[in-house]
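K.L.:
Taken in sequence, the protein lines are chains S and F. Counting in the numbering used here, the first sequence runs from 1 upward without gaps. Counting in the numbering used here, the second sequence runs from 1 upward without gaps.
The reader is advised that the hints may include incorrect statements.
What the hints assert, rightly or not - Under 7 Å between C-beta atoms, here's a sample of chain S residues computed to sit facing chain F: (1) Leu7; (2) Arg21; (3) Ser22; (4) Leu33; (5) Leu45; (6) Thr49; (7) Leu68.
Unchecked claim - When the alpha-carbon atoms are kept at most 25 Å apart in a straight line, the in silico SDA-like pairs for lysine to any residue are as follows: (8) S:Lys93 with F:Tyr169; (9) F:Lys172 with S:Ser96; (10) F:Lys166 with S:Ser44; (11) F:Lys166 with S:Ser96; (12) F:Lys412 with S:Gly40; (13) F:Lys172 with S:Leu77; (14) F:Lys166 with S:Gly40; (15) F:Lys373 with F:Ala354; (16) F:Lys166 with S:Asp24; (17) S:Lys29 with F:Val550.
Keep in mind that the hints were calculated from the coordinates and are not lab data. Note that beta-carbon positions come from the ideal geometry of N, C-alpha and C, so glycine has one too.
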Amino acid sequence: MDAQGALDVVFQALDVVNGLRSADDQIPKQSDLRLAGSQGRLDSLSLVTLVVAIERRIGEVSGRELTLLDGDAESGLDALRTPASIADLIVRKLNS
Amino acid sequence: MTEIFVVSDFNAELVTRYLAADRSAPIASASSAPYGQVFQSLAGPLPSDGDCVSFVWTRPEGISALYADHLRSIPVSTQAVLDSVDAFAAAVNAVAARCRLVLVANWVPTRAGRGLGMLDWRTGGHADLLARMNLRLSEAVAKSRNVYVLNGQRWLDGARPAREPKLWYMMKCPFSESVCQAAARDVKAALRGALGLGRKLLLLDLDDTLWGGIVGDDGRQRLRLGGHDHVGEAYQDFQRALKMLSRRGIALGVISKNDEAVAMDAIDNHPEMVVRRSDLAGWRINWNDKARNIVDLATELNLGLQSIVYIDDNPAERGRVREALPEVLVPDWPKDPTLYVDALAQLDCFDQGAITAEDLSRTQMYVADRERKESAVSFASMNEWLRSLDVTVRVASIGSDNLKRAVQLLNKTNQMNLRTRRLTESELLSWIAERDRHGMVTLTVADRFGDLGLTGVLGWERNGDQLEIVDYVLSCRAMGRGVENVMVGLAVDTAREGGARRVVARLLPTERNNPCLEFWRTSSSFVESEPNVYVWDAGTAYPRPDYVTVRS
C-alpha cells in the first residue's frame, strides 16, 4: 500500500468518526489537519474510534492485521497528529 | 427539547454521540451518566425533569455480580441471580415515574463465545441463565407503562464486527461503533413510536415491486409471482410480509404508472396474489406524476405526508418523490427481489408504543370509507346523505380499556385538535387522577358502513363556575358527520350537570389545526369572546344533530 492508498484509508475511517458528529461539525478530509495533540480536533474517544476503524479497513483491503498503537501513548499520539502522519505510520508498519 | 439520558455500566458515550448527531425527528439532545454507576444514576437527578427519556444499556455481569460469578464457573443460585434482576428492574421502574419514557436494552453475551458448548442451554448453562434473566427483566418492567425493552441482539446481528475487543480495552465499550449506531437508531425509532410518530401508510409501486414484470406489456398471466420460480416466490413472500404489516395496522396503498383496469385485474385475479383489493386503503394507478398522486391519495385518506412510506424499484421515481415530497420516507430499495423481505423488515419507521384495536382494523376502515364516499355521490343533498349514514356515537369514561388509544389519538391528531396537547400514558393518568377538577371521555363512532373505532377524545377542566374544554380531538376519519357537535354537546351537558355557568374553549392555533379553527368559528354556535376563545352560556342546552345516536 502506498502513501495515497493509506491516506484514503484514513479518510474512510474519518467517515466513521464523522458519523458521531453533527452535520455542522464534520471533520474535513485534509491531509495536514491537526487531529491529535494540542489543538487537535479529536478527543480520546474519537481517536480510539478512528484507530480501530483504520485497523479494520486495512484488514479489509490488504488482508493484513495491523496494530497502529503498540508503543507508549505519548509517541503514539504524535504519530496520530494528522491524516498524513497516520498514513506514514500505516505505510511504515505495513512495510516493516 | 427531549433529552435522552444514557445510563450504562460500560462506556456508552458512542451511543450518546450518535444520538446527539441524529437530526431525524424528534430532535433530541443526549447526555451520558457516569459509566459504571447504573443504580446511582437511576436514583439520582435527571438531566431534565419530565421530558427526559432514559436509555439503560447494561451488561448482565455489570448488573449481577452473581451472573459474573456464573460466567467464571463459580456455582450460584439461579434464584439469587433473578433476585438481582428484580433489584435492577425496581430501579428502572422507579426512574420511569420521573421520565417520559424508559428504554432498556435486553442483555446479550458481552463476549462472543461458545459458552458451555452443548450444555449451554441446559440448566446451569450461560445461555439458559441469560434467557431467564431477560424474561424476568421483561416481566418485571412491564408493570410500568412507559418502560420498553429493546431487543439489543438485533443491533449485534446486523453489525460486522459486533464486538470490538480493542474498544473494550481502550475505552471500556464492549461493542463496535456499528452496534452503538444501531442502538441509537433503535432508540430514536422507539421514541418516535412512543410519541405516535410512526408511519401509518405504506405506498407501493406495482411493476417489479409488488410483482415481477410489467403487467401492461407482459399481461397478468406472465407476471413473475409465486409458482416454481425463485424470483416469483420472492415477490410472493414480499406480499406476505406486506400483509403481515397491514395486520399490525399499517395501511397499504398503490401508486403506479399503469392502466388502472389492467393493474386492478391483476390484483383481483392473479391466482398467486396475496395483497388484494380489499387489503388496499386506496390507490392511484394512472400516468400522472407519482408525487402528485401521493399527495392526492394522502388527502383522500386524511393522512399527513409524514405518515407515508413509498417503495419503488425505480431509482428515478424514488428520487422524484424524495425531491418533491421530503416528508415522505422513500427508502433505498435493493434491485434483487430476493432481498425485498429483509429490506422491509429493516425499516424502523413503523414502531408503535401500543397496537390498538383501531390499528388492527385500519385497512377495513379505509375500505369502508371508500364505499361510504362512493355512496355519497348517489344522494341529492349532504343532509340526506348524513341521515342515511346512521351514525352512532358510544361515549365512555377514560379507563384502562381505552387509555392507550386515547393517548395515541391525543398524540397523532393534528387537524381537529383544539390545543394539540401531547401526553404520555403516565402523564394522562396523573392528569385524570385529579377527578374533582379533570374529566375525560372517549367517543367510538360507527355508521352503516362499519366501525370507525375510537376516534374522539374530550377532556375538560372545572374552574369555579366555568368548565373549560382542554382536549377536543377528533380523528379525520370521523369528521364531517356531526360528531364534532356531539362532542361540544357532551361538554355543555357536563357543565350543566356540574352547575357550571359557562363553557369555554381556547383554541391554540398551529400550522395544522385550521379545520378545528373553522369548526369553532363557523359551526360550533359558540360566541367568540376574544380571538380564539369560544364561550357558551351553560344556562342554555346545546343543540345536537338529530341524525346522530349517542349511547353511553
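K.L.:
Against each hint, give a clear statement of whether it holds in the structure.
P.N.:
Evaluated hints:
{"no.": "1", "hint": "Leu7", "result": "21 Å, violated"}
{"no.": "2", "hint": "Arg21", "result": "6 Å, holds"}
{"no.": "3", "hint": "Ser22", "result": "5 Å, holds"}
{"no.": "4", "hint": "Leu33", "result": "19 Å, violated"}
{"no.": "5", "hint": "Leu45", "result": "6 Å, holds"}
{"no.": "6", "hint": "Thr49", "result": "6 Å, holds"}
{"no.": "7", "hint": "Leu68", "result": "10 Å, violated"}
{"no.": "8", "hint": "S:Lys93 with F:Tyr169", "result": "22 Å, holds"}
{"no.": "9", "hint": "F:Lys172 with S:Ser96", "result": "30 Å, violated"}
{"no.": "10", "hint": "F:Lys166 with S:Ser44", "result": "14 Å, holds"}
{"no.": "11", "hint": "F:Lys166 with S:Ser96", "result": "22 Å, holds"}
{"no.": "12", "hint": "F:Lys412 with S:Gly40", "result": "46 Å, violated"}
{"no.": "13", "hint": "F:Lys172 with S:Leu77", "result": "19 Å, holds"}
{"no.": "14", "hint": "F:Lys166 with S:Gly40", "result": "22 Å, holds"}
{"no.": "15", "hint": "F:Lys373 with F:Ala354", "result": "30 Å, violated"}
{"no.": "16", "hint": "F:Lys166 with S:Asp24", "result": "29 Å, violated"}
{"no.": "17", "hint": "S:Lys29 with F:Val550", "result": "67 Å, violated"}
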